[in-house]
Structure formats: structure tokens, C-alpha cells
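Asks: Chain residues, written in single-letter form:
2 protein chains.
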Amino acid sequence: MTANASPAAGRFHAATASRRQDDGTWAGAVHEGWDIVGNANGGYLLALLGRAMRDASGRPDVVAMTAHYLSPGKPGEVRISPRVLKSGRSFATVTAEMYAGERILLHATGEFGDVSAVHGQIERVLGAPPELPPPDQCIRAVPAKDFPPPVMRNFDLRLHPDDTGFLDGRPHGKALVRGWFRLLDDEPMDTLTLLLATDAFPPTIFNAALPVSWTPTVELTVHVRARPRTEWLRCEFTSRFVSNGFLEEDGLVWDDEGRMIAQSRQLALVPRG
Amino acid sequence: MTANASPAAGRFHAATASRRQDDGTWAGAVHEGWDIVGNANGGYLLALLGRAMRDASGRPDVVAMTAHYLSPGKPGEVRISPRVLKSGRSFATVTAEMYAGERILLHATGEFGDVSAVHGQIERVLGAPPELPPPDQCIRAVPAKDFPPPVMRNFDLRLHPDDTGFLDGRPHGKALVRGWFRLLDDEPMDTLTLLLATDAFPPTIFNAALPVSWTPTVELTVHVRARPRTEWLRCEFTSRFVSNGFLEEDGLVWDDEGRMIAQSRQLALVPRG
Chain V
1 MTANASPAAG RFHAATASRR QDDGTWAGAV HEGWDIVGNA NGGYLLALLG
51 RAMRDASGRP DVVAMTAHYL SPGKPGEVRI SPRVLKSGRS FATVTAEMYA
101 GERILLHATG EFGDVSAVHG QIERVLGAPP ELPPPDQCIR AVPAKDFPPP
151 VMRNFDLRLH PDDTGFLDGR PHGKALVRGW FRLLDDEPMD TLTLLLATDA
201 FPPTIFNAAL PVSWTPTVEL TVHVRARPRT EWLRCEFTSR FVSNGFLEED
251 GLVWDDEGRM IAQSRQLALV PRG
Chain X
1001 MTANASPAAG RFHAATASRR QDDGTWAGAV HEGWDIVGNA NGGYLLALLG
1051 RAMRDASGRP DVVAMTAHYL SPGKPGEVRI SPRVLKSGRS FATVTAEMYA
1101 GERILLHATG EFGDVSAVHG QIERVLGAPP ELPPPDQCIR AVPAKDFPPP
1151 VMRNFDLRLH PDDTGFLDGR PHGKALVRGW FRLLDDEPMD TLTLLLATDA
1201 FPPTIFNAAL PVSWTPTVEL TVHVRARPRT EWLRCEFTSR FVSNGFLEED
1251 GLVWDDEGRM IAQSRQLALV PRG
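So the sequence lines, in the order shown, correspond to chains V and X. So the first sequence is numbered by my numbering: it starts at 1 and just counts up by one. So the second sequence is numbered by my numbering: it starts at 1001 and just counts up by one.
Heads up, a few of these hints could be off.
As the list claims (entries may be wrong) - Computed from the model, here is a short list of chain X residues facing chain V with C-beta under 7 Å:
| id | residue |
| --- | --- |
| 1 | T1025 |
| 2 | H1223 |
| 3 | R1225 |
| 4 | R1227 |
| 5 | V1242 |
| 6 | F1246 |
| 7 | V1270 |
By construction, these hints were calculated from the structure, which means they are not laboratory data. We put the beta carbon where it would ideally sit given N, CA and C, even for glycine.
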């Protein structure tokens, strides 16, 4: 248990805590149970890395974060080496790698600042939050042969009933997944939670009726517009381009008052199923 | 003139060349004339940084590239410090900063590989290239009071006539800019050219009829699917979300045979006009 992770802080906070060492690196751990068939979830790794980077920045919120994934993460100790590239008026920019022993797991760079204040009165939004049945009428996937992976037991994810066809082999044919997200046990959500939320859902490709079974992430970028301030988040993930061995997955996270609070894109590989 | 930049290689190649030094850093220069009101264009800086990173990777193509912008670039010498994080079977991942003296201009991380081969036969595309009049019926902006900025004299950019209303104060109201792109003097285009192309067009916001005059880039990510292989590229840039002082600008670059070859997103600030 580190100084940053009291039990009261909740499961997500505890699993993403790390501690500054005398040599300037941060020591943390990939926790058990945050994996998909043995490999730690990419959003979880990003939140673990991002919390150390945010703490090193001295700013309250992650504003923009880019991760490049190099090796799968397994449970165990990791070392994080945040380097503040610039500490400016609006943002501090931090870059860091996460290592498990000598093996590099991921590299990330991010801007950190304060998104609680409203900057600029100009607002124009093209698009609307996904229409979802209430959470209790959505599908909280229960453990089956391959689904959900262990990581999904660490947060409360409710899938739109129309987007769960892939579970019994009847995908609707569109690269689309929608649903609700929140942390468990009323754990409060901060902007670091959004790093997890944008990689928490089943891959869009599962619903696309293509012979693709898994899509390892090459790069994931998350842009945060505001802090979560409602109990549930409305999330929508889509893919438009599957070509030359790649696909992109675009995510939008809205709060339950109609504000778009985070936008994500990942580039993933498309191996055959 | 460096070893990498013969005059025959063309204007873009020459302006983005740099040379490996004995200490492992690369020496290059922000060239005159690649600026917008005095500050070097972000896509140009990324191509200058990216060429050194690609050369350090030993791979032919940039596959994915993320840049975080820290300070405006002015003409003059720069130092680039590429660091190969991992050299894997499919990709080499390289991170680097560009410095002008002691000032950091930008940080980038990218995957480099070979996109000439076709990986995977699975292809599904939702969307189509923008419909554009032939290049000679599009608008090649000619120097006026504020437009085009000097950087646009370094490539051949033809705007869709419907998207040039902002030039005479009659924007169509949509955050949309479409047009053709190619290098000058028949200079061949490689994947590094796509880093330039995705930041070469006027900001979408110019057409949105909002009181916003400039939108500094915080972060720019480019995903490359294939090499350019047609004379012209069809480009489309859109923005959906202007909120809390930020906007995203999404770019799609298609070749003239209907292939989507690069996808980009940047997060930009929205100061008042």
C-alpha cells in the first residue's frame, strides 16, 4: 500500500497508485485482475502511468495524453520515469516510460492542467450523446467462456442491448459499441478515470461481423474537455476504416448532462480471427 | 546542404533534412519561409523531426506519429535527439525532442515500418473521398493581406471553391475545409509528406463563422495506412466539438484512386478572435 492509495480511495485509485522514489522514478505495480487473457488492459496501464505523470506535473487534470504500446503488461512491479518537458502557464507537458524490469511496456506524453474552469465561451457541438436505455436496462456482461475479461470486473460497464449481439455470435454488422461506464462502490471519477473509460469497452470490431478476434493497440490518444461530474458516463465507440492491417477506434465520452468530456482515438492492428 | 539533401530531392526534402552528429543527435534547421505569421508550420516541424526519427529507425515509412507542441519554431538551427525505444518485428518505436538552443519546440513519438506491403485482406471503409472539382478549377490562394501565409508557397494546395468563403469574409458556417495537395516541381511524395499534408490547410474554424482567428496546436497525431502513389491527394478536414477552450480537427487524406492513406487529429486551443 503506497502513500497515495488508501483503501477509502477506491479500487481504481489503489490499482493505479505509485510512489516517488529518491532517484526521481516512480514505483508502482500492474495489479492482478486488470487483464484481458493475461495482458493488462491498455487503458488501465495508461491510467497507472498517467497518475504518476500527473503527480509529477503538479497539475490537477490530464488534458491530452498519447500512449504508444510496446510490450504486453503482466502483473508485477513497474518503474515509471516521468520527465517534465515544460511547465508553462496553461499546461505542464510530461513524457514517461513504464518499465517492467528491463522491458519497456509503454511510452506516453501528455499535457496536464486544470479543466475545471470554463475557458472560452465559444461552444459548438456537432453530434449528440448516444441514446441508451437506463443502466438497469442495459447489459452488464456476466462471466462466460471468454467474456467478459477479468478487467471488466473492476468497473461497472453496461452495454446497449443492441450492441451485445457479438456475445452470442450474432453481431449487428456495424463497428459500433455503446454503453454506460462508472467506477464501482461510488468511487469518485476524475480525469484520470477517462483514460480507463476510453479503453474499457469491447472492441468495435466484435460487432462488425468480420473475421477478426483481437486488435492490439499501437497508439491511443485521449483529449479531455472537462471533469466527469455525473454518476454515469455515456460512451460510444466507432470505427470507419479497416484497411491494410489497421483500424482506428474513435471514442466519445459524454457525461449524463449532455457534455462531451473526452474524445479518444486508437490505432490498432487487425490480425485475422 | 547536408548529405541527405541534394537539390534534385526537391524543396520539401531539402527543408526537412538533418544530419547525424558524432554525439548521436541530429543537426537540422527550420528553414525560412515555412511559417505562418512568423512561426513555423506545425506539419513542417513534424516532418523535419519525423525524417530524422525515421532515419534513426532504419525503416522506410512513418506509420503513426504523435507530436506535442511546446514552443513556436523560428528559422534557425535545431537539434534533434532521437531515441529508439524498441526495434520490433513490425515496427521500430522512436521518441525525440527538437530543440532550438535551450528551448524545446516539440516532442514526438512514432512507429516506423513498411506500409508498402498489403497487410491483411480485410478491408471495410465507411466514408468516401471528398468530391472536388479538378485541381485547375479549385482555388490556389494568391497572396493577399493575411492569406496565404508564406508556408503555402512551398506546396501546391488547391481549395474547394465552396470552402474559400472565409477569404472574403463569407464563411459558409461549417467547420469544413477540402482540397487537393501535392508537392511542387513534381517532387515525389513519401509517407513523411503526409505529416506535412495533414497540417497544411487553413483551419476548419475559419469557415465556421465563429469569432476565432487562430488555433495553436497542442497535439497532433497522424496515422498512415499507405504510401501516396498518385499525383494529387484529396484532403478533407472537419471539426465537431468546440468546447471549453479546445477544438479537435480531424483530417482524412485520400489518394486519387480512392484509398484512404492517412488519418489525422489535432487538439487545438480556441482563443477569441
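Asks: Hint by hint, which ones does this structure get wrong, listed from lowest number up?
Replies: 1 and 4
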